[in-house]
Structures are given as C-alpha cells and as structure tokens.
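There are 2 protein chains.
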Amino acid sequence: MSEVYAARRERLRERCAASGSATALVSRPANVRYLAGAAPRGAVLLLGRGTDLMVCAGPLGAHPDDDRPDEALRIQTLPGAADGRGDPAVAAADLAVADGAESLAVEEHHLTVARHRAIRSVTPRLRLTDLGGAVEQLRVIKDEEEISCLRIGAEIADQALSELLESILVGRTERHLALELERRLVDHGADGPAFATSVGTGPNSGRRGHRPTDRRVEEGDFLSVCLGATYRGYRCEIGRTFVIGTSPADWQIELYDLVFAAQRAGREALIPGAEYRDVDRAARQVLDSAGYGHGLSPLTGHGVGLEIDEDPQLAPAAMGKLDTCVPVTVEPGVHLPGRGGVRIDDTLVVRPEADGGPELLTITTKELLAL
Amino acid sequence: MSEVYAARRERLRERCAASGSATALVSRPANVRYLAGAAPRGAVLLLGRGTDLMVCAGPLGAHPDDDRPDEALRIQTLPGAADGRGDPAVAAADLAVADGAESLAVEEHHLTVARHRAIRSVTPRLRLTDLGGAVEQLRVIKDEEEISCLRIGAEIADQALSELLESILVGRTERHLALELERRLVDHGADGPAFATSVGTGPNSGRRGHRPTDRRVEEGDFLSVCLGATYRGYRCEIGRTFVIGTSPADWQIELYDLVFAAQRAGREALIPGAEYRDVDRAARQVLDSAGYGHGLSPLTGHGVGLEIDEDPQLAPAAMGKLDTCVPVTVEPGVHLPGRGGVRIDDTLVVRPEADGGPELLTITTKELLAL
Chain V
1 MSEVYAARRE
11 RLRERCAASG
21 SATALVSRPA
31 NVRYLAGAAP
41 RGAVLLLGRG
51 TDLMVCAGPL
61 GAHPDDDRPD
71 EALRIQTLPG
81 AADGRGDPAV
91 AAADLAVADG
101 AESLAVEEHH
111 LTVARHRAIR
121 SVTPRLRLTD
131 LGGAVEQLRV
141 IKDEEEISCL
151 RIGAEIADQA
161 LSELLESILV
171 GRTERHLALE
181 LERRLVDHGA
191 DGPAFATSVG
201 TGPNSGRRGH
211 RPTDRRVEEG
221 DFLSVCLGAT
231 YRGYRCEIGR
241 TFVIGTSPAD
251 WQIELYDLVF
261 AAQRAGREAL
271 IPGAEYRDVD
281 RAARQVLDSA
291 GYGHGLSPLT
301 GHGVGLEIDE
311 DPQLAPAAMG
321 KLDTCVPVTV
331 EPGVHLPGRG
341 GVRIDDTLVV
351 RPEADGGPEL
361 LTITTKELLA
371 L
Chain R
1 MSEVYAARRE
11 RLRERCAASG
21 SATALVSRPA
31 NVRYLAGAAP
41 RGAVLLLGRG
51 TDLMVCAGPL
61 GAHPDDDRPD
71 EALRIQTLPG
81 AADGRGDPAV
91 AAADLAVADG
101 AESLAVEEHH
111 LTVARHRAIR
121 SVTPRLRLTD
131 LGGAVEQLRV
141 IKDEEEISCL
151 RIGAEIADQA
161 LSELLESILV
171 GRTERHLALE
181 LERRLVDHGA
191 DGPAFATSVG
201 TGPNSGRRGH
211 RPTDRRVEEG
221 DFLSVCLGAT
231 YRGYRCEIGR
241 TFVIGTSPAD
251 WQIELYDLVF
261 AAQRAGREAL
271 IPGAEYRDVD
281 RAARQVLDSA
291 GYGHGLSPLT
301 GHGVGLEIDE
311 DPQLAPAAMG
321 KLDTCVPVTV
331 EPGVHLPGRG
341 GVRIDDTLVV
351 RPEADGGPEL
361 LTITTKELLA
371 L
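Chains V and R, in that order, give the protein sequences. Residue numbers are given in the UniProt record's numbering: position 351 of the first sequence equals residue 351, and the series is strictly consecutive. Residue numbers are given in the UniProt record's numbering: position 109 of the second sequence equals residue 109, and the series is strictly consecutive.
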C-alpha cells in the first residue's frame, strides 16, 4: 500500500509546484489519512521538496489495531504536546523553514484563524498561501482499492438491513431500531457506522437526516431507514422505505412509485461526463412535475469516501462533470408534514457504459416491501 | 429557561463592551447552544447592541423533538443556504454592518481562515477582533440546572454500567460490550453516548481512550470501561476497572490500590480555590512515587459540560484555580504495555467544604470487583 500513498503525495506535490508553492501543510484529518494511510489525532502532514513528514501531537498508539501511517513517512512526535502545548501545524511550519522553505500552502478552509496566526508568529518570514481544496479534488476519483472498501461497506450495510427486516418491527422505537442496526454493522465487520443511523416512522418517515426518537413503529406506518458502514475508513450509505402491515394505502403506493421513479432517473443519469446538476435535475424534475418541488432537499446526492459527504454535490447549482470511478449517492425523497414520506438512497460508482454503466453497491431491493 | 439564556448573553455582552467590541459573532456550536438553548447545524449567533439574532443555514426542523432555540431570539434563515451557498457567519456580519456595527468580535479559535476572509471581503469596513474563549470561560462555572443535567446523565451511566456487570462477560468482545453499554445509555433516557465508549480487556485495559477491538474478555483479565451519557446536551464521564475471574493476581491488586489512591488524592484536592495543577499533582505524585511517572497521561482530569472535554484542564502546566460549581473528571490511570492496567474516572462538582466538599456524580463503587 505504501506506493499508493507515495503516489498520492507525488500528485499533490505536482499540483503545489504548478501553483508556485513547493511545500504544503495538510491538516484536515481525512486529507491526512488519504495521503498518509492514517490520521492520528491532531497529526498534520508536511510535504516538502525532500522527505514527507508527519507531525503528531503525541506518541502513536502502540496497539496493533491502531491505524499506522505509511512507513515511508518520517514521523515527528511533539513531546508533551498532548496537553495543549505545541500545535503540530506550528511545529511543521517551523520545520519547513528549517528545511529552507520560503512559502507554505496551508488548508485555509480547515485551519482556524488562531492557528494560522500562531504559524505566522512562529515563522514570520514564511509566505503562507492557500492550498484550497487540492487534496479534496484528488480524492474525488477513487482507485479500485478504495472502491473495494466501499463495496465491502455496502455489503455490510445491506446485510445489517436485511437482518433487521426479518425481525418484528411493530412496537419498537426508532432509537432501538437505529441502535440495533449499528450493532449489526459492527457485528459484520464494519469499523463503525458511517454516520448517525436514521430511522423514521409514520410522520417522521422520509425526512433526510431524521434523528431517531422514541416513537414506536405502528401498523400502517411508512418506515424509512438510512444507514452506512465504515470499512477501512471508507463510508457508504443506503436508504430504504418500507410499509408496516399487509396493505399499503393508495397514497403510500403512489408516493413510493414517484420517489422510486425519481431515484431511477437519477441513477440512470450517472454517466461519465454528465454535469452534476443534470443528474440532480433528472431526479428532481420527476418530483417537481408531480407537484412536490417545494421543500425538497437541496441536493439529490453527493460523493462518498473517507468522509460521508464529499465532493461532488449533486445539486441544482453544482458545477462540474462526473468522472469514471466516482462513487456518489442518489437519494431523492419526499416528506409530507404530518404524514411522513419516502426516501430511497443508493451508493453507486460511475462507470462507462461499455463496462455496464453505474455500479450499484447497495443491492437491497427497492420494491415496496410490506413488513 | 428563556431568562437563563438572556442572562448568559447579557454577561457576554458586558464582557465584549468591556473589551471594546459592542457586537459579537458566536460560531462554535457548543457556545451557540449555551447562549441560545440550541445550535441548529451551521447556525451562528449575533449579539448586537439591540436584538440578539440567530442566523441559520436552513429552516429549523419542524419536528417536536428538535431542540428549539430560545424564543426571545430573532431567527434569520438563509434561503437556499443548505447547499453551500451563503455562510451564516458572513450573513451575520453583513447584518451587523446594516445594524451600524463598526467592529465585530469573532471566535478566531473556531472560524477558519477561509470563512474569516469571506467575512472580510463582504464587510471590508467592519473591524474584526477576537472574541477569544470568552464564551468558554462563561461556561466553566455551571448553574444548578446544568449540574442537574450532569447528575441525571451520571445516574444513567451508572445504571448502564451496573446492568452490564450483571451479565456474563467472558467471551464477549470489547466492541460488543461498548455497543451494549451505548444501547443501555439510550434505553435509560440519554440523548446518546457522551463520547465513544471505551472498553479495554487484558493488555488493552487501562489505556485512555482505547478504541474497542475484537479482543474477547478472558479469565484473569483486567477489564476497563469508560462511558458517559449526554443528557439535555450535558456530558458526563465514568471509568472503572474490574478483574475477570475469582482471584485477582497480586500485581493486579497492587496496581489497582495504587491507582485508587491516586484517584482519591485527586478527588480530595478538589477544593474551591485550589490550583488546577495542584489537583493534578496530588494524583500524579502518588503514581510518580511508585515509579509509574513515565508514560502517564498528560492530564489527570478536565471540565465537562456541553462538551466532554472543557476547561479547566487538570494538568501540570495548567494555570488557574477551581471555583465552586465547576464539574470536572478525576481520572488517573496506569497502563503497562503488554500487560494492561487500571483507570478510575469520576465526574465530580467542586463544592465548598461547608456543603460537604466535592459532589460525586458517578457513584458506582470503586472497590475492585472480581466478576
């Protein structure tokens, strides 16, 4: 794996060189992990002309289960830094100067004003520039190793969900169902949940990011569930909506079919070269033309990877085009205040048509199941 | 409750006025919650000369379970801001200028360089100053309402732990025990766990912040557990170490007694007016003089409240003195690489001697239980 991280750092180094800064300081944890294989708490990465260096706030965990950074990296540990004395970012800037750097590109969207000021005061002659989202941009297109982690995570989430569906649901609370799903994710080998599991019943169903409450599942409810597994750091997402009881009401069937059609339209729009906003529009216009345009979520999907909400955003104003090997969610939904709603959410990888089109990672059925 | 939040905002306003800035922008979520009663995702608080205003990234949840901000606040919602267009902090600065503000104190330890720059570019004539940790300082001393939330949280954690101890432990993994504890916290009314529950067995026992693994509990192990409940936003912490099996080894009894003595010394040093570092030293020197000075955690305890790790820090270099009504943890521990160790952790509230001294919130026994 070491070569993978070295190659990623090399690509970043090329970008930095192209924009005039030979040295970069990466502080955002997911970016550190992407470039170094691990992101110990508080650690930053200094990419200089010569050696790459990780500066850690404290000693690396001696435990075999702890993620270890790439062995090709030089590691510097700040003595006594864990009690707040000594910021790895400041120490890294200091080392950059000692190494002859005249400018340093930092992640201005992650560093706080106070830390930035601390760097300036310790290294007043160092010119600080903005690395911007350079690492986030590198992270958008995944390699097959990364996709394989997402695929395993999706299998775990599918399995946790299918087991839940085999159990009795009526009478159980949203909170309990969410906790049970999270336990099953871990049972099946996830590092943990990819985000707070959302379970919504009855009037709460179909709300994006609904925080589980003590409401119990009742006959006739819609039940919507959104969960994901983290596997080796990679986070996927699946969302499904079910009906409780033997016979869904007409409005439930109609609403389900509509959201299903919108989600299918979004999935089918996942073609290499498609504009992000065209994918969003494909799904959104189905809901819009049925009169549900008001109150829709501002996005139809988003990238996933080391974070659950990455670039790209599939939204009306998003700029950019899909590439092959970009994993995204497609997750339209409709929520009717007081009644509930439907949300269907898959994680897919953009693939060329010649390879069979988008690869669906979350394969749980999207038929309307009556449980 | 509304008066409580208004009074807190008034105290902050007085501090700002004293330091020359009539208007403050609060962005750190725990600080927003402290002053407004709720912190919707991305929301910031603008404290001006006249009205207090919350600027939200999107509409407030219509759900009855969502926390609602103080009704005395004016609420401004940014239309369409949820897809990334429009930063509430920038909008708030703009409103401050419209309201006649000439300077604005911001939380430089929370705002990123990029957001700070966005504020400057939208409001170039506004003088930006640093609010520093003013709100965090207000948060150190708790009122009885806050302490009561911590007390309930501690009761919940005690209960979750006592139920776990009644079950069979041998053969179960650290991960499962941690998940079970978290489920029980929620069962007993917690909003959720206060932090990632830590369960360490055998060689993993006694490590601060140990991330649960698939290691199973074995006869003869030390088992250390650290958990906490969040109740109405307030987070407490309890840590205990047990032995598995009927007869602890001599080294286990000795190590336990030592850590127990250190923890008691720390607790007994919790007197109003005591220096933070003297509390740390009281616990630390017990371990130090027994030859375990090397490799100790850099702190012996810390404040708790809306965040699990607040001011003060009980550490060798910490500056400041304890006040009455400050809740802190006392959590010394020793970990012997390859063998495991002991960690004992309580949440207590500093109280005057006349009121009976420190109030212990986490009341689970600290006898060495053999399970």
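Hints in this document: simulated from the structure, not taken from any laboratory. The beta carbon of each residue, even a glycine, is placed where N, CA and C say it ideally should be. Treat each hint with caution, since some may be false.
Said to hold, decoys possible - One side of the interface only, derived from the structure: several residues of chain V facing chain R at Cβ under 7 Å:
1. L111
2. R172
3. R175
Here is what the structure says about each hint:
Satisfaction of the interface hint for V/L111 is found here, the shortest Cβ-Cβ separation to chain R being roughly 5 Å, below the 7 Å cut-off. Interface hint at V/R172: violated, since its Cβ lies 12 Å from the closest Cβ of chain R, which is beyond the 7 Å cut-off. Nearest Cβ of chain R to the Cβ of V/R175: about 5 Å, under the 7 Å cut. The hint holds.
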